[in-house]
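> Kindly produce the complete structure, drawing on both the sequences and the hints.
In the order they appear, the protein sequences are chains R and E.
Position one of the first sequence corresponds to residue 0 (numbering that gives the first Met the number 0), numbered consecutively onward.
Position one of the second sequence corresponds to residue 0 (numbering that gives the first Met the number 0), numbered consecutively onward.
Since the hints were made in silico from the structure, they are not lab data.
All C-beta atoms in this analysis are idealised placements derived from N, C-alpha and C, irrespective of residue type, glycine included.
Some clues are possibly wrong.
One-sided excerpt, in silico: chain E residues whose CB lies under 7 angstroms from chain R [stated by the list, open to error]: (1) Thr72; (2) Tyr76; (3) Leu82; (4) Ile86; (5) Phe89; (6) Leu92.
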Amino acid sequence: MKIVLSSQGNKKESLVDVRFGRCNYFAIYNVDKKSFDFVENTGKESNQGAGIAAAQVVLKLNAEALLTERLGPKAFKVLEASSMTLFKCHGMSLEDAVDRFKKNSLTLIEEPYRN
Amino acid sequence: MDIVVLSGKGGTGKTTVATNLSKVMSYAYVDCDVEEPNGYIFLKPEQSTEMEVTLKNPVIDSGKCVHCHACVTSCEYNALVGLLDKIMLFEELCHGCGACQLVCKADAMTETERPIGEIRISEGFAMGLLNLKEPMGGPIISDLKEKTNHFKNRFIDAPPGTSCSVVKSVEGSDFAILVTEPTTFGLHDLIKAVELIEMMKIPYGVIINRYDGYSLMDEYLEYKNILCLGNIPFSRKAAKLYSEGSLLIEDDSYKNHFMTIKKNLEDALERRTL
Numbered sequence: 000m001k002i003v004l005s006s007q008g009n010k011k012e013s014l015v016d017v018r019f020g021r022c023n024y025f026a027i028y029n030v031d032k033k034s035f036d037f038v039e040n041t042g043k044e045s046n047q048g049a050g051i052a053a054a055q056v057v058l059k060l061n062a063e064a065l066l067t068e069r070l071g072p073k074a075f076k077v078l079e080a081s082s083m084t085l086f087k088c089h090g091m092s093l094e095d096a097v098d099r100f101k102k103n104s105l106t107l108i109e110e111p112y113r114n
Numbered sequence: 000m001d002i003v004v005l006s007g008k009g010g011t012g013k014t015t016v017a018t019n020l021s022k023v024m025s026y027a028y029v030d031c032d033v034e035e036p037n038g039y040i041f042l043k044p045e046q047s048t049e050m051e052v053t054l055k056n057p058v059i060d061s062g063k064c065v066h067c068h069a070c071v072t073s074c075e076y077n078a079l080v081g082l083l084d085k086i087m088l089f090e091e092l093c094h095g096c097g098a099c100q101l102v103c104k105a106d107a108m109t110e111t112e113r114p115i116g117e118i119r120i121s122e123g124f125a126m127g128l129l130n131l132k133e134p135m136g137g138p139i140i141s142d143l144k145e146k147t148n149h150f151k152n153r154f155i156d157a158p159p160g161t162s163c164s165v166v167k168s169v170e171g172s173d174f175a176i177l178v179t180e181p182t183t184f185g186l187h188d189l190i191k192a193v194e195l196i197e198m199m200k201i202p203y204g205v206i207i208n209r210y211d212g213y214s215l216m217d218e219y220l221e222y223k224n225i226l227c228l229g230n231i232p233f234s235r236k237a238a239k240l241y242s243e244g245s246l247l248i249e250d251d252s253y254k255n256h257f258m259t260i261k262k263n264l265e266d267a268l269e270r271r272t273l
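Below you can see the structure in the form of C-alpha cells.
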C-alpha cells in the first residue's frame with residue numbers, strides 16, 4: 000500500500016508542504032516496505048492549473064491516500080472523484096505525518112480550501 | 000490608423016485620454032478593457048448592436064473514449080484531467096486551442112461553443128464585456144478588434160497591466176500612448192509598459208496625467224529620451240467632471256491641453272511614417 004504526501008524537500012525529515020499544486024516534491028511512502036520515494040513536482044511552474052496538474056500526477060501514482068495541508072477547489076474536485084482518501088496535516092515532518100496516519104489520528108479533508 | 004492607450008498601472012487615466020482624444024480627433028473609440036469597460040460612461044453611445052462571443056470547448060464522448068489520456072497530455076493549460084473512468088474538463092481554463100481534438104485517436108472529441116462575453120458596436124464606438132467569473136478576456140478583445148475593422152481610425156483603450164489581454168489589445172497598433180501619473184507606483188508600472196511596447200516594436204509617447212509640476216516622472220522620460228506628448232494638470236475641476244461622467248474637454252482649459260496633445264500626437268504620427 001502506498002500513500003502520497005506533498006513535501007517541501009526530498010528527505011524523510013522534510014516538512015509536509017502547505018501548498019499542494021505548487022509543492023516542491025511528492026513523497027511516496029510504501030507502507031509495507033516502510034520506505035520513501037520522491038518525485039519532483041514539475042507542474043509547480045504551470046502558468047495555470049498547477050493544482051489540477053498535481054492531482055493528475057498523484058492519481059497516476061495509484062496511492063490509497065493523500066496527506067497534505069489543504070486542497071484548492073479544482074484539485075479537490077479531481078481528487079474527490081477518485082478513490083483516494085484525503086488527509087489533512089499541519090506543520091509536521093513526513094515521518095510524523097506517516098506515524099499519525101498509521102495511528103489513524105489524522106482528520107479528513109472534506110472540503111476545498113477557500114481564502 | 001490604430002492608436003492604443005495603455006498604462007501599466009491601473010487608474011492613471013487611460014479612458015480619460017482615449018475618450019477625450021477620440022472626440023477631439025474624430026476617431027472611433029474601442030474599449031478593450033473587457034473586465035471593466037467604462038468608456039461608455041463618458042461617450043454615451045446610442046443604440047448598439049450586441050453580439051455574443053463564444054469559445055470552443057471540447058465535449059468528450061465517454062462511450063468512444065479509450066482512456067489513452069492523449070488529450071490530457073496535449074493540454075497546455077491543464078484544463079483536462081484523466082480519471083480512471085472519465086476525462087474531467089475545467090472549462091474556465093480551456094483556451095479553445097483544439098489540440099485535444101487533434102490528438103484524439105478514438106474520435107471521441109467534438110466541440111461546443113461556450114459563451115464567455117459579448118461585444119457592443121455603435122456609431123464610432125465599441126466595447127467588449129467579459130462575463131462574470133470568466134478569467135480570459137483575450138478572445139473577446141481579438142473579436143472586438145476584428146469586428147470594428149470598418150472604423151478607419153481607432154483609439155483602442157487597453158486593460159491595465161502588461162498581461163496577455165494588454166498584448167492582444169496592443170497587437171497590430173500603429174502607435175501607442177502610455178498614460179502615467181507622477182507617483183513612484185506610476186513610474187514603476189510605466190517602466191514595465193515601456194519594456195512591453197519596446198519589445199513589440201511599436202512607436203510610442205507618454206502622457207503624464209494628474210501633473211503637478213516637475214517630478215521624477217519628467218526626469219525618467221528625459222533620461223530615457225522618451226517622447227512626452229503632454230500633461231493633464233491635476234485639479235479638483237477634473238475630478239468633478241470625471242465623477243459626473245463628463246469629458247474633460249467640456250472645460251476650455253482642459254480642451255486646450257488636449258489640443259496640444261493632439262498636435263504633438265499628429266506630429267509624432269507624421270514622423271513615424273517618414
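> Indicate, hint by hint, whether the structure satisfies it.
Hints, verified against the model:
Contact between Thr72(E) and chain R, as hinted, is not supported at the beta carbon level, the nearest pair being about 9 angstroms apart and thus beyond 7 angstroms. Hint status for Tyr76(E): holds, given a least beta-carbon distance of 6 angstroms to chain R, under 7 angstroms. Hint status for Leu82(E): holds, given a least beta-carbon distance of 6 angstroms to chain R, under 7 angstroms. Against a cut-off of 7 angstroms between C-beta atoms, the interface hint on Ile86(E) is violated, since the closest Cβ of chain R lies about 11 angstroms away.
Annotation: Phe89(E) was flagged as interfacial toward chain R, and the flag holds, the nearest CB pair being 6 angstroms apart, inside 7 angstroms. Look at Leu92(E): its Cβ gets to within about 5 angstroms of chain R, closer than 7 angstroms, so that hint holds up.
Violated hints, in rising order: 1 and 4; the structure is consistent with all others.
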